[in-house]
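From first to last, the protein sequence lines are chains R and P. End of the first sequence = 434 in the numbering used here, gap-free, step of one. End of the second sequence = 1434 in the numbering used here, gap-free, step of one.
Don't take every hint at face value.
What the hints assert, rightly or not - The list that follows gives simulated cross-link-like pairs (lysine to aspartate or glutamate, EDC-like), each with its CA atoms no further than 16 Å apart: (1) P:Lys1409 x R:Glu92; (2) R:Lys41 x P:Asp1025; (3) P:Lys1303 x P:Glu1293; (4) P:Lys1041 x R:Glu428; (5) P:Lys1106 x R:Asp108; (6) R:Lys249 x R:Asp128; (7) R:Lys322 x P:Asp1253; (8) P:Lys1409 x R:Glu93; (9) R:Lys409 x R:Glu428; (10) P:Lys1303 x P:Glu1267; (11) P:Lys1249 x P:Asp1279; (12) P:Lys1322 x R:Asp128; (13) P:Lys1005 x P:Glu1282; (14) R:Lys298 x R:Asp268; (15) R:Lys409 x P:Glu1337; (16) P:Lys1322 x P:Glu1341; (17) P:Lys1249 x P:Glu1337; (18) P:Lys1005 x P:Asp1268; (19) R:Lys5 x R:Glu428; (20) R:Lys41 x R:Asp25; (21) R:Lys409 x P:Asp1011; (22) R:Lys106 x P:Glu1267; (23) P:Lys1298 x P:Asp1268; (24) R:Lys322 x R:Glu294; (25) P:Lys1322 x P:Asp1019; (26) P:Lys1322 x P:Asp1011.
These aren't lab readings, by the way, just hints derived from the structure by calculation.
Protein chains: 2
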Amino acid sequence: MLTIKQLNAGDANFWQDLDAMLAWDSVSDDAVFNTVNGILKDVRKRGDDAVVEYTNRFDRMSVAGMAELEIPLARLQTALTAIPAAQRAALEEAAQRIRAYAEHQKMDSWSYTEADGTLLGQQVTALDRVGLYVPGGKAAYPSSVLMNAVPAKVAGVPELIMVVPTPDGEVNELVLAAAAIAGVDRVFAIGGAQAVAALAYGTQTVPQVDKVVGPGNIYVATAKRMVYGTVGIDMIAGPSEILVVCDGKTNPDWIAMDLFSQAEHDEDAQSILVCPDADFIEQVKASITRLLEEMPRKTIISKSLEGRGVLIQVQDMDEAVKVANYIAPEHLELSVENPREMAAQIRHAGAIFMGRYTAEAVGDYCAGPNHVLPTSRTARFSSPLGVYDFQKRSSLIDCSAQGASALGKIASVLAHGEGLTAHGRSAEYRIIES
Amino acid sequence: MLTIKQLNAGDANFWQDLDAMLAWDSVSDDAVFNTVNGILKDVRKRGDDAVVEYTNRFDRMSVAGMAELEIPLARLQTALTAIPAAQRAALEEAAQRIRAYAEHQKMDSWSYTEADGTLLGQQVTALDRVGLYVPGGKAAYPSSVLMNAVPAKVAGVPELIMVVPTPDGEVNELVLAAAAIAGVDRVFAIGGAQAVAALAYGTQTVPQVDKVVGPGNIYVATAKRMVYGTVGIDMIAGPSEILVVCDGKTNPDWIAMDLFSQAEHDEDAQSILVCPDADFIEQVKASITRLLEEMPRKTIISKSLEGRGVLIQVQDMDEAVKVANYIAPEHLELSVENPREMAAQIRHAGAIFMGRYTAEAVGDYCAGPNHVLPTSRTARFSSPLGVYDFQKRSSLIDCSAQGASALGKIASVLAHGEGLTAHGRSAEYRIIES
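Chain R extracted, bound-state conformation (with noise of 0.2 Å):
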């Protein structure tokens, strides 16, 4: 009998108890940030020779040079056409409908103009490449590589290199017939801290990247947030969360199953439950306990349930507001009467999957927002994975000579106060005389 976490909103101690649930130390132990840091020091240095090597030793491969680790994108064709129809169709349609909701995301350049001539304005450009990483084994999902590749291309970088991992030399077809959807530009057979330091530093053979996205173990977060600065991240995800609120008029079997589908993730993945209908809640601990039975998933679900499982019991649907803006979730599912009322009340979460039609699943796939979403309470300051990630903007400023010298004379009048004599001179030097 699987025994999940049970608070009420109205106990005195709720929110330090919410609060111990929702702790998580996204901390790497010195172990591992040490072996990250030699190995990005190694491959900045040595570049291919390293990278092989690495790749020999943490993949069990036996490859001469760097040349036989790239995977030829003639080799994603063949992987497109070898999957099997329903598959390819599914992630085509997945991958238009990404794509059509990318669009609505692209920024685009704008300026206006003074009434003295003065321009000023906002200048938007895609980045010029960029790395995807895509994890191998068990973690290997197509999913990502449509999430993240589609919205790169949608922004108009004009070239994307995947690094993908093929322990014991296993290429995973779905990722390769993703990738050949997306419209990837170059891939190489390699993973771990390696691969992103190849692509943050470049290497003879791997090009140099301006930012690299994707999710990745622990060691690959660790060296994405080492080498920061150097190039521009995605962000350092913590494990999945889902924080459904419900009326209690859903049928709890599907209720379950979402908190499930959360949980099959990992270990650490976290489900939350917040209704204000005790007996609905017992329904679904009922339907959790019947269901179990039949995930293969089951001791990953139950380990995730019974270590970081939440059910909140809440006095009415605006307290429940209040619970789901303090844990900022990644997954906010509505299954309540009117969604849209509700979510409008919403001041933080990655994605908010309205009605009780809108499983949390069809957002992961297919809908067509991002599944790149903040964790860990970052939505307070962050936002999904999108277009925007992959353009930047640069301020335009033209002044004509009549607003030089009108804000010339402002600027004097700062730069003096701040003591910065050269600002002042700079700025006088346009001044026109009267």
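Given the coordinates of chain R, work out where chain P should sit on it, guided by the hints.
Positioned in the frame of chain R, the structure of chain P alone reads:
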């Protein structure tokens, strides 16, 4: 006689030599890391008591408790009325222009509805609470208060908490006046890693924020890097840089002074001139020699220009663009005949100052665009500070019954392809049997 490095883009070793000049390592050493780590842990554990102790020690204060370190809003108003009228007018005009530009950056929510009634969209919200770090002492810049605070307020951040150290009790009246103009909500006279920790973790008196922005010394930068994840941060800025591209037809004194205006910031600041005209480069050198004598910050300017300045001769303006895009400068001044044509070819720059009249210094204070800009080549992947840094997005998905059924079928195929049964089942529950 000042010696500035000169390069010719036609030389065999040019890119290598340029790389050597651009190299900047922002990594903090172990001693700084350990000091900051200790302070962060202590503030997290002991709250106000720790902040008060560090403040008394590092800022040579002698306060009994945190309450004494809060600067009341009335005190900011006092500063605003006490400063010279010209300075107040300049600050207010600058704030108004920064606000007007920032309004153009504000993101709005959007959504669209598909044929089957499924709604997809993006909900934009402001951050709840932001911490603004303002350096004390010599590097206290009222313009930075405006540049950081105004976009946050335009974004709609309800609560903006400013921290500014007051070493030996010394308060900067212009900084307080700028805070009053910008609408800062609370101010604490604390600084260093202890102030960053107080903002990131919260104490009994200092409320926990969602993001910490603003410049600071190496201790502040290290603390920001370490609390990233718990809260958001703006960026880790390196030394300031300017790249001036000149066709040789601007007054060489103007160009020299524009180079000085970066160099006077600090000894590590970098000023680079790119020009196709060897004679003009010589004229600028003569201007530098002559004008340097008039500069109160002569010593800093000399060290900066000798240590990190570069004069680059190029073959033509196309090569100048190539060099500029490689350097991806924080500030790019296009002192040329057709600056807008050239700006359209610029792929990477924090801010682009177009034309002979547009001194970088007006951008520092009052043109409107933000002066917090990506440094050290990070303009390849990042953007100026803006309203968008104080807003975040939540994806919106509301499936109609029909939409959920259609999407459920796609999700089911992909979920089973990834071996995620609960994902598949969760989606399949919503498929309408036909």
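| Going through the earlier hints one by one, which of them does the structure break, listed in rising order? | 4, 6, 7, 15, 19, 20, 21, 22, 24
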